[in-house]
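Given only the sequences and the hints, what does the whole structure look like? Please build it.
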Amino acid sequence: MSTQTKDHAELAEIFNKDEARVNWHDETLWWVRQKRDKAAHQIPEWELLRETASQIKNNVLSNLNNYLVQFEAQAKANGVTVHWAANAEEHNQIVHSLLTKHGIDRMVKSKSMLTEECHLNEYLSQHGIEVIDSDLGERIVQLADEPPSHIVLPCIHKKKEEIGELFHKHLGTPKGNADPQFLTETARQHLRETFLTRKAALTGVNFAIAETGEFVVCTNEGNADMGAHLADIHIASMGIEKIIPQRKHLSVFLRLLTRSATGQPITTYSSHFKKPRSGQEMHLILVDNQRTVQLGRKDFRNSLKCIRCAACMNTCPVYRRSGGHSYHTAIAGPIGSILAPNLDMRKFADLPFASTLCGSCSNVCPVKINIHEQLYKWRQVLVKEGYVGTTKKLGMQAMTLTLSSPGFFKTAGKVGRFVMKYAPFAVSNPLNPWYKQREMPAPPKESFGEWYQKNRNHAK
Amino acid sequence: MQNSRDRILAAVAANKPDLLPLPEIPVFSPETEDASFILQKFHATATTIGSKIFMVKDFEEIKAMVSEQFREGRIVTTIPELADIAETDLKTIPDPHTLENIELLIMRALFGVAENSAVWVTEDLMQQRAAPFICQHLAVVLNAADIVPTMHEAYERIGSADYGFATFIAGPSKTADIEQSLVLGAHGPRSMTLFVLE
Ligand code: SF4
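Chains as they are written, first to last, in the UniProt record's numbering: chain V, 1 to 460; chain E, 1 to 198.
Heads up, a few of these hints could be off.
Simulated crosslink set (DSS-like; lysine-lysine; CA at most 30 Å straight-line) [claimed, not checked]:
| id | chain 1 | residue 1 | chain 2 | residue 2 |
| --- | --- | --- | --- | --- |
| 1 | V | Lys199 | E | Lys91 |
| 2 | V | Lys38 | E | Lys41 |
| 3 | V | Lys160 | E | Lys52 |
| 4 | V | Lys368 | E | Lys16 |
| 5 | E | Lys16 | V | Lys305 |
| 6 | E | Lys16 | V | Lys248 |
| 7 | V | Lys35 | E | Lys41 |
| 8 | E | Lys52 | V | Lys38 |
| 9 | E | Lys16 | V | Lys298 |
| 10 | E | Lys16 | V | Lys347 |
| 11 | V | Lys76 | E | Lys91 |
| 12 | E | Lys16 | V | Lys377 |
| 13 | V | Lys384 | E | Lys16 |
| 14 | E | Lys41 | V | Lys248 |
| 15 | E | Lys52 | V | Lys35 |
| 16 | E | Lys91 | V | Lys275 |
Computed spacing ranges between beta-carbons, pair by pair [to be verified]:
| id | chain 1 | residue 1 | chain 2 | residue 2 | range |
| --- | --- | --- | --- | --- | --- |
| 17 | E | His97 | V | Asn87 | 32 to 38 Å |
| 18 | E | His97 | V | Ala20 | 42 to 48 Å |
| 19 | E | Phe54 | V | Asp232 | 35 to 41 Å |
| 20 | E | Glu103 | V | Glu27 | 36 to 42 Å |
Derived by calculation from the structure, the hints in this document are not laboratory data. Every residue, glycine too, gets a C-beta built ideally from N, C-alpha and C.
This is the structure in structure tokens:
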């Protein structure tokens, strides 16, 4: 049925073999989620900010072609060369040809999930070009020859001892040293040499402003800036959905982004690149890679509002306990599971099922994407199109019945709570594709419906 | 044959939803936040995110503190008032790679933001784009009167200003990529000092 060898459930099973590690992974991400809550709760207008951000993004999607044209004109006027890439292949070719033109065979890169999506590093290395990732977490997974497992915390799945071992092997640190301070200092020295010797730097883009033609890159480490300001040629790659209309809209998004991501009030650097520095070339690549297809899917187009904060991953019980790699796609977690089937329904048919549909993702999303509803809708599409095996179909028919009938839902909830309280192992049945290794979270004693009934009567 | 640009734009035009309005950004900041409260907030946030912050009366005080803290190493400034304790020729340096051995850079910021303690610096204030990132330590001078409550007032202040490059800097460069342990001094400055002129 599928060209890939293992699906999410099977990959999650491998991750779940080491229970202590799963617990640690789960707790670490939950801790990040709690930091997000603390930061959000300090802003009384948080919900209004989310709503505003969501509406700005709705406007962007509904007027995207005009904003793109405006952005291009402004960027060009600023002295930036603008390129358009229909797909990953064209994006990679553009980068390659720019490097070839300048006779460059070594490039430094800061975090860009888009280049992961396009498999740029593999492409360039096949063409004899060395790429060094400069974000510490990305450098670590690069040394380990793995993809990032998380869009904000690329090596969140790695223990410091493993990182110490990698550094020992590749950077010559003493064996057995796993001190984060020491390892970070080693990486600093190693990458400083890289920054100082590379003539080309590639960065991602967090936001691009149609009104001014500038683009904004957010990092904590300062690696995007170190690369870009020392290089003769700066290439910035962005998906076409990263446009926002005006500069002042950054106030809304910069307030939301890092609080949602790590609980910090803002990243250390929010750098606004408008014109190349004198003597420098600045290139910007606008990439489609099927974003326009997703834009045409009424039920899924909202996924293009994503600002890549990763809050939906940190909060997701499935992500936390299955690990980013089990999603076998560049962007893991709930949002990745909506984006990936757009790229390839057959290959990623399993991902919308890697969810409990608990809705926690939608609750934390700073741009209010209805993530869990889209996951549910993808399941229906994928079943209808014939991409889903029988096990999942059966489970889903039950789910459809539950969700479509309120009466049944109430009863099912009661039974569910009873079953989970007294026979949690029973939930781990073959109808539940990913719950194999996991007991369900402790169920609340009464449902909101029951609680509401009781308390409403009391209040009277 | 159409090129990718035209094809992408045509696909967007064909697939986008009906036009939805661009919302106004609501006014969030309470009017009651007076200057001393905003300064206090800036101070507290700066400390939380790992910056050092000092209230100073004048440049003489800054000079004394810098000389006390930094006894050796290359000190560079873009502030004319500090010319007697630091190099000031950043503008004339042709190659940013030669900034590599800067121990301390002292520069001006246009304003600070209380909610996140970020300061806004434009290319003309840094003179070399690489400077505030490549230095081992960074110190920024700003006026107490130039602190705004939130990012909304910040962008109001920036308005339609023109610059080649500009950035918000909030604290020292940092990473928590290794098991979420916070380490200051990732690739950029290991420390960030804020001098607030009263
Ligand atoms: S979908 Fe929402 S919560 Fe998830 S990464 Fe995107 S913006 Fe963040």
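Here's how the hints hold up against the structure:
With a CA separation close to 21 Å, the supplied pair Lys199/V and Lys91/E stays within the 30 Å bound. For the proposed pair Lys38/V and Lys41/E, the alpha carbon gap of about 17 Å is at most 30 Å, so the pair holds. Taken as a hint, the Lys160/V and Lys52/E pair is honoured in the structure, with Cα atoms around 29 Å apart against an allowance of 30 Å. Between Lys368/V and Lys16/E the CA atoms are separated by roughly 19 Å; this keeps the pair inside 30 Å, and the hint holds.
Only pairs whose Cα atoms come within 30 Å are accepted, and Lys16/E paired with Lys305/V is accepted, the gap being roughly 13 Å. Between the alpha carbons of Lys16/E and Lys248/V the distance comes to roughly 24 Å, so the proposed pair stays at or under 30 Å and holds. Restraint check for Lys35/V and Lys41/E: the C-alpha separation of about 19 Å stays at or below 30 Å, so the hint holds. Among the hinted pairs, Lys52/E with Lys38/V is consistent with the structure: their alpha-carbon atoms are about 23 Å apart, no more than 30 Å.
Taken as a hint, the Lys16/E and Lys298/V pair is honoured in the structure, with Cα atoms around 9 Å apart against an allowance of 30 Å. At roughly 26 Å between alpha-carbon atoms, Lys16/E and Lys347/V fall within 30 Å of each other, so this suggested pair holds. As the CA atoms of Lys76/V and Lys91/E are separated by approximately 26 Å, the hinted pair is consistent with the 30 Å bound. The straight-line distance between the Cα atoms of Lys16/E and Lys377/V is roughly 20 Å, inside the 30 Å bound, and the hint therefore holds.
A threshold of 30 Å between alpha carbons decides the hint, and for Lys384/V with Lys16/E the separation of about 24 Å falls inside it, so the pair holds. For the hint linking Lys41/E to Lys248/V, the alpha-carbon distance of about 23 Å falls within 30 Å, and the restraint holds. In summary, the hint linking Lys52/E to Lys35/V is supported, as the alpha carbons are separated by about 23 Å, within the 30 Å threshold. Simply put, Lys91/E and Lys275/V have alpha-carbon atoms about 18 Å apart, close enough for the 30 Å limit, and the pair holds.
In this structure the hint that His97/E and Asn87/V lie 32 to 38 Å apart at CB holds, the actual value being about 36 Å. Taking the beta carbon of each, His97/E and Ala20/V are about 46 Å apart, inside 42 to 48 Å as hinted. Checked against the hint of 35 to 41 Å, the pair Phe54/E and Asp232/V passes, with Cβ atoms roughly 39 Å apart. Checking the proposed 36 to 42 Å range against Glu103/E and Glu27/V shows it holds: the Cβ atoms sit about 40 Å from each other.
Comparing the model with each numbered hint stated earlier shows that all of them hold.
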